Amino acid sequence: MLDSVARLWRDPDFRHGASDMLGTALGIGAWGLVTGVAMVKVGLPVSLAVLMSLLVFAGSAQLAAMPLIVGGAPIWVVWATAACVNLRFVIFSAGWRPYFAHQPLARRMVMGYFSGDLNYVMFMRRYPEQRPVPGQIPYFWGGVVVNWLSWQVLSLVGIVLADGIPTAWGLGFAGTLALLGLTGSLLADRATWLAAGVAACAAVAAYALPLKLNIVVAIAAAVAVGIVLDHMAPAKERA
Amino acid sequence: MSMGIGMGYWEIVLTVIGLAVITVLTRSFFLLPERELPIPKWLNEALRHAPLAALVAVVAPEVVLTNGHLIDSWRDPRPYAALAGSLWYWRRRGILGTIVCGMAVLLALRFGLGW
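Protein chains in written order, with the numbering used here: chain H, 1 to 239; chain C, 240 to 354.
The hints are simulated quantities; they were obtained by calculation from the structure and are not laboratory data.
Note that the structure is a prediction, hence the values are computed from the model and not measured.
We put the CB at the ideal spot given by N, CA and C, even for glycine.
Taking beta-carbon pairs under 10 Å as the criterion, some of the chain C residues facing chain H (in silico): (1) Gly257; (2) Ala259; (3) His288; (4) Leu294; (5) Val298; (6) Pro300; (7) Ala320.
Starting from the given sequences, assemble the full structure and let the hints guide the process.
Printed below as a string of structure tokens:
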């Protein structure tokens, strides 16, 4: 075990993967810091914030789940919301398949667990051809180690610092702003803008529903509108 | 409830464990089956919009509602902070800048003007 770790550490592809990820480590760390602070400021006890950071390891899902946990939503609504926020990873997993399908199942699951957004972006930039070649696995782990460390270390720092920061400062809103930025990165065309508008209006209008069901209503409405718009667009182009 | 938040301690522990399972399942979803499986077209279409919808559904109430009602005072820093963050993202991209810009406006209004 230690031997193979040492071998991996000296592997040039592992180092290449790590150095590619170092360029964005600051951004990942800042995002982790904000998530750490936000978890405590929203009202989670420190022990649970640490547990959440170390186990869940998915910033946007954590940020989305927190107001629901604090607001007393039923567990299944929290899980459903996190699963929806994480759906982009389902798409990424289809992208990983050509490279990692030959690995044993347990290893595929572990690799999936550690693969963040930026790991996907970096890997696909380096290996655009969809086939397994030597060096891919160490390259993957190099990026994962840097991504995981910069995220977790800064997230834990945020959790510790948050206790010394008065709640009245409203730093928890930094989490909402981070989600806002992430939202911006997903707005691509008229269909996505309209779907986002529908989701926002539905989530606010249906806020009085019990069980935080406004989230579920908003997602269903926005997905429906998005799909309809996607089907209308090509028809218009043909006309 | 004693913590002033909506869930009990062990309920949150259970929720967190479930969230970790969701991380594993979503990130390795199409890596799980041994044999190649086709991704249905409708799923592909829904996959395109669901992440955005979930994010917006969480963000919007946090920005414009207070205690379940639309913000009725113009002296609430949150919409201005969200607007500032959005403008930054629109002009410069970058999530880090969005956070810094929005929080700068929020803290300036809160401490500068006492909102």
